Amino acid sequence: MAMTDGQLRELCERFFDAYEEHKIDEVMDTLADDFEVWLAPFDVIKQREEWLKSSVEGWTRQRRRIYTDRHIDTFDEGFLNRYTLCITEHNGRKSSLQVCVVALCRDGKIYRMDEYIDPSKSPAWQERQKQLKAQEAAAQNAAADETTTQIN
Amino acid sequence: MRRDWEMFELADRFFDAIEQGDYETVEQCYAPEAVVWHSHDCLYQPRESNLAMLKHGMETHQKMEYVNRRVHVFEGGFVQQHTLYVTRDTGFKGKMDVCFVAYTRNGMISRIYEYFDTGQRDKFLGPQANAS
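Read top to bottom, the protein sequences are chains A and B. Sequential numbering from 8 applies to the first sequence in the working numbering. Sequential numbering from 7 applies to the second sequence in the working numbering.
Rather than coming from a laboratory, the hints here were simulated on the basis of the structure. Please note that the accuracy of each hint is not assured.
What the hints assert, rightly or not - Here are the simulated DSS-like cross-link-like pairs (lysine-lysine), alpha carbons at most 30 angstroms apart as the crow flies: (1) B:Lys101 x A:Lys128; (2) A:Lys128 x B:Lys129; (3) A:Lys101 x A:Lys53.
Said to hold, decoys possible - So the derived label-pair ranges between C-beta atoms look like this: (4) B:Arg75 x A:Gln138: 18 to 28 angstroms; (5) A:Ile158 x B:Asp22: 56 to 66 angstroms; (6) B:Lys101 x A:Ala146: 19 to 29 angstroms; (7) A:Gln138 x B:Asp28: 41 to 51 angstroms; (8) A:Glu134 x B:Lys101: 58 to 68 angstroms; (9) B:Lys101 x A:His78: 21 to 31 angstroms; (10) B:Lys101 x A:Gln136: 14 to 24 angstroms; (11) B:Lys129 x A:Glu153: 23 to 33 angstroms; (12) A:Glu28 x B:Asp28: 45 to 55 angstroms.
In this text the structure is predicted, and so the values were computed from the model without any measurement. Note that beta-carbon positions come from the ideal geometry of N, C-alpha and C, so glycine has one too.
Given the sequences, and given the hints that come with them, work out the whole structure.
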């Protein structure tokens, strides 16, 4: 059954409020059984349980995440939420990211969410990517050294 | 009053025109007060500056394609999700997933909010990404 503008806005606010406050049961209550999320930066789709697991893990990586400055528009099949994600890391460093989510809904639940986020703007993300690249380079050097040793 | 077909038609006209290198139509899609906001710098780009950028891209790139367009119309505008493919002079085909949110007035686009991931610039710009 199609949802009204008011129902869609309420569902959107309920989801983001619950997610912000780590109320996992309330988050799950907003999601359909066949819920899936597509994450633009990685071009991957995560199913409900996998997404839930990674969300709970993600919550431990920062002290706080606030979903603020929400601009919500609704359309026949769902809603659009443009917001600012304000992150406070465990060391107190703060950063913010601009995010846009397009959600498809039915029968009072969200069944599909597409998330457009630019994590490369996050200092913590940049540091993690540098670490990964350094690890990758070290692994390649080690492999090259091993090959040279074998040839010699 | 929502007139969905007008929004769908505007979205199609705008992106089709870019693909076809039809600058005049692209320009006509923008209201006089049009501004374009990008998620990577959070700045509003003025109409003329954005149009100049689009024109340059249309003249420079071999091909621009907006693939897998998914449009939803809401009160006062529309959102289009797409994958932009740009074929560059070098033959490299760049790819970027974009969420394009447009607010309209009198059948023209007056405000745009464009979201994409700058972390994907290598995939979009190709070998020149490392040179710049």
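Verification of the supplied hints:
| no. | hint | result |
| --- | --- | --- |
| 1 | B:Lys101 x A:Lys128 | holds (19 angstroms) |
| 2 | A:Lys128 x B:Lys129 | holds (17 angstroms) |
| 3 | A:Lys101 x A:Lys53 | holds (28 angstroms) |
| 4 | B:Arg75 x A:Gln138: 18 to 28 angstroms | violated (37 angstroms) |
| 5 | A:Ile158 x B:Asp22: 56 to 66 angstroms | holds (58 angstroms) |
| 6 | B:Lys101 x A:Ala146: 19 to 29 angstroms | holds (27 angstroms) |
| 7 | A:Gln138 x B:Asp28: 41 to 51 angstroms | holds (47 angstroms) |
| 8 | A:Glu134 x B:Lys101: 58 to 68 angstroms | violated (26 angstroms) |
| 9 | B:Lys101 x A:His78: 21 to 31 angstroms | holds (27 angstroms) |
| 10 | B:Lys101 x A:Gln136: 14 to 24 angstroms | holds (20 angstroms) |
| 11 | B:Lys129 x A:Glu153: 23 to 33 angstroms | holds (31 angstroms) |
| 12 | A:Glu28 x B:Asp28: 45 to 55 angstroms | holds (49 angstroms) |
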